[in-house]
Every structure is written in C-alpha cells, then in structure tokens.
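Construct the entire structure; sequences and hints are all you get.
Quick note on numbering: the sequence shown equals residues 1 to 403 in full-length UniProt numbering.
Since the hints were made in silico from the structure, they are not lab data. No experiment lies behind these values; they were computed from the predicted model shown. For every residue, glycine included, the Cβ atom is placed at its ideal position computed from N, Cα and C.
What follows is a list of derived Cβ distance ranges for each label pair:
#	residue 1	residue 2	range
1	Ser100	Glu241	43 to 53 Å
2	Glu197	Pro306	30 to 40 Å
3	Asn198	Glu395	17 to 27 Å
4	Asn98	Thr7	19 to 29 Å
Simulated crosslink set (EDC-like; lysine to aspartate or glutamate; CA at most 20 Å straight-line):
#	residue 1	residue 2
5	Lys113	Glu74
6	Lys114	Asp75
7	Lys273	Glu392
8	Lys113	Glu73
9	Lys113	Asp95
10	Lys114	Glu74
11	Lys308	Glu329
12	Lys259	Glu236
13	Lys113	Asp75
14	Lys224	Glu392
15	Lys93	Glu145
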Amino acid sequence: MTGWQQTPATAVLILADGTRLEGRGIGAIGHAAGEVCFNTAMTGYQEVLTDPSYAGQIVTFTFPHIGNVGTNEEDTETLNPAALSGVRGVVLKADITNPSNYRATQKLDAWLKKRNIVGIAGIDTRALTALIRESGMPNGVVAHEPSGQFDDASILAELKAFPGLEGLDLAREVTTAQTYHWDQTGWQWNKGYGVVENPQFHVVAVDFGAKRNILRCLADGGAKVTVVPATATAAEILAHEPDGIFLSNGPGDPAATGKYAVPAIRKLIDTGKPIFGICLGHQLLGLALGGSTSKMHQGHHGANHPVKDLVTGKVEITSMNHGFAIDTESLPQGVTQTHISLFDGSNAGLAVDGKPIFSVQYHPEASPGPRDSHHLFTRFLNLVRRQKGLPEQPESTGSDAAA
1 MTGWQQTPAT AVLILADGTR LEGRGIGAIG HAAGEVCFNT AMTGYQEVLT DPSYAGQIVT
61 FTFPHIGNVG TNEEDTETLN PAALSGVRGV VLKADITNPS NYRATQKLDA WLKKRNIVGI
121 AGIDTRALTA LIRESGMPNG VVAHEPSGQF DDASILAELK AFPGLEGLDL AREVTTAQTY
181 HWDQTGWQWN KGYGVVENPQ FHVVAVDFGA KRNILRCLAD GGAKVTVVPA TATAAEILAH
241 EPDGIFLSNG PGDPAATGKY AVPAIRKLID TGKPIFGICL GHQLLGLALG GSTSKMHQGH
301 HGANHPVKDL VTGKVEITSM NHGFAIDTES LPQGVTQTHI SLFDGSNAGL AVDGKPIFSV
361 QYHPEASPGP RDSHHLFTRF LNLVRRQKGL PEQPESTGSD AAA
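If you want it as structure tokens, here you go:
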C-alpha cells in the first residue's frame with residue numbers, strides 16, 4: 001500500500017503583494033498579467049469573458065460553478081476578436097465540467113484555449129474576493145504549466161512590467177479598425193438574431209469597446225447604426241449625418257482615453273444632437289462636461305447592482321463593469337446627477353440640463369444581467385424622435401414587464 005500523494009499544482013496566481021495561490025490549470029498554457037477583480041454574476045460567463053471592458057483584467061468569478069452550460073457562437077460580446085478584446089485571465093472555484101445545455105457547441109476549457117485565455121481552478125474565490133474588498137484590486141499574474149514547473153523569474157518579471165490600469169488607454173486596442181454598419185437585432189428563443197427593417201433614424205456609435213448587445217438594442221429601437229473607431233473626430237462623426245450619437249462602454253482609464261476623445265465629444269455636445277453614453281462613454285461625457293474621474297477601490301463588476309433613479313425614485317437591478325467612476329462633486333452647474341449606486345453611493349448617471357444628453361455608469365443592455373434598464377434605449381431614441389418630429393414610444397422597464 002502506497003502513501004497518500006498530493007497532486008502537484010499546475011497553475012498559480014501571484015499577486016503584487018507576494019500572495020501565491022496554487023490550483024489546477026485551465027485554458028491556455030502560459031502566463032498573463034492583469035488587474036485582478038471579481039464578478040458576482042451567476043450567469044453569462046461567456047459574455048463576461050468577451051466583454052471588451054475587461055481588457056487588462058483577470059476575472060475572479062464568485063459563483064462557484066462556471067462552465068456548466070459550455071459556450072456557443074451566439075453569446076460572444078466582443079466586436080473585434082483580433083484585438084485585446086477580453087480578459088487576460090480567469091480564476092474559478094470548481095473545475096470545469098462537461099456542458100449541459102442544448103445551445104452548447106464547445107466546452108469552456110477548449111474555448112479558453114482557442115482564445116488564448118489562461119485560467120486557474122481550485123481557488124478559494126471567497127477568500128480572494130474578501131482580500132480584494134479589503135485591500136483593493138491588485139495587479140497579478142495567472143500562470144498555467146501542466147508540468148507544475150513554473151519559471152518564477154519570468155512570471156515575476158511580467159508582473160513587475162504590468163503598469164496597472166491607471167493612466168492606461170485600452171480603448172485604442174479594442175476599438176474597431178474601420179467604420180461599419182450594424183443591423184442585427186436582439187436574440188429570440190429558437191430563432192436567433194434578426195435584422196432591423198425600415199429603420200427610422202440614424203445613430204452613430206463611437207466604439208470604445210462596444211458590446212454587441214448594445215448595438216442590438218439600438219437596432220431593436222428602429223435605428224440604423226454606424227460604428228466608428230474610438231479615435232474618430234467630431235467632423236468624421238458628423239460627416240455620417242447622424243440623428244443621434246452613442247458613446248460606448250470600454251476598458252482602461254477614462255482620463256487616458258479622454259486625451260483624444262474629450263475634444264471630439266465637446267464638439268458633439270455643441271451640435272445639440274441627442275447623445276447617450278454607457279460606462280466608459282458615461283465617464284468620457286462627464287470629463288467633456290468638466291468633471292473628473294478616479295480609480296475605485298474594488299470596482300463594480302456583476303449583474304446584481306441596485307441603482308436608484310433620482311428623477312423617478314425607482315430602483316433598478318443592473319449589470320455593472322467598471323473600475324473608475326465620475327467624482328460627483330466635480331460635476332459643474334448645469335449637469336445633474338440622475339442615478340446613484342445603492343451599494344456605495346457612487347455616481348451612476350448624469351444629464352445635461354436643457355439638452356438631449358444623458359449617460360449611465362451601468363449596462364442597460366445587460367448580457368448578462370437583468371433587463372430592468374432596457375427602457376433607457378427607448379429614452380435615448382425618443383430624444384431622436386422628438387427632434388425629427390416622430391411619435392415617441394412609451395418607456396417600460398424589465399420589472400414593469402414582469403409585473
């Protein structure tokens with residue numbers, strides 16, 4: 001009878017403070033550095049892992065069972081798979097199981113390998129999450145080596161070389177390389193995606209790292225959508241003769257991206273055209289209006305974040321993914337705070353007094369997450385309809401529909 005033997009670790013997660021966590025390797029072989037955050041969503045891991053807003057980050061899932069429904073070709077959110085358009089790494093509690101869902105076409109582990117995403121399983125994700133909540137989001141390196149023999153010098157060198165997200169412009173890396181048109185509408189059960197027919201108006205979306213479902217929500221509302229790169233100038237955007245302008249989500253430090261985006265947004269504000277911003281687009285709009293942004297302690301990442309609309313008094317459960325926030329006190333006169341996070345009171349929305357311009361810090365398109373805030377797309381497109389003299393549509397929230 002032989003003695004008990006422990007299986008050697010095939011993956012490690014090393015944090016900037018020297019914390020070393022060992023586990024089982026999943027996904028691609030190799031190592032990757034990034035900022036370690038946690039996501040509390042219980043569904044939609046494929047959408048999370050393909051959200052360009054996570055560029056530069058290693059995502060820890062607090063839900064223990066990730067991978068159970070596999071992956072498919074429809075739930076990818078990134079528009080630019082050739083670029084750095086998703087996470088640097090992934091941290092899981094349980095091993096990935098075989099998929100059990102009729103839509104699955106590939107196991108998560110194989111999907112991670114195909115996308116060159118390094119991962120680790122077998123980690124006490126609750127303890128790691130508690131550490132992040134206490135100490136903030138650390139830089140780290142996740143490494144996967146089947147032999148269990150790690151080149152610590154190389155791993156630590158990559159960790160030291162990672163600059164962190166402050167001061168980092170990642171929108172350039174995830175944005176589209178060229179202008180294109182979008183006409184795909186939302187997914188329907190057993191039908192898949194549709195195509196917008198007879199669009200009523202034209203929206204130009206500035207792609208700072210846009211998710212596909214945002215563009216689908218615009219198309220669902222009857223918009224013809226033209227997507228332009230993050231670096232597009234105001235003149236280039238206006239040359240498309242838009243009826244409304246959308247500022248998308250995206251990764252990195254808004255102050256860094258704002259060096260080229262803010263001057264363009266200020267000129268767009270002066271046109272009087274309706275403008276709607278989400279996440280990074282919200283932060284960039286805030287900067288263009290004279291506000292400031294700062295790095296958050298642990299960020300907001302999940303599909304269960306309560307937000308209060310200060311105008312209507314309603315509370316919506318939202319999807320969030322951001323590590324920076326607008327400093328409420330920095331908003332100038334003439335700009336009204338419209339939403340706040342009920343987790344920490346941070347700014348979650350703004351509107352420009354007397355102008356058809358507003359933005360939110362969260363993701364009304366969800367994917368993954370609740371549909372409570374889908375009505376904001378109707379609100380934006382109603383501003384466009386009003387300027388064009390078209391009949392406006394009633395707003396209804398996901399919670400209203402459920403009731």
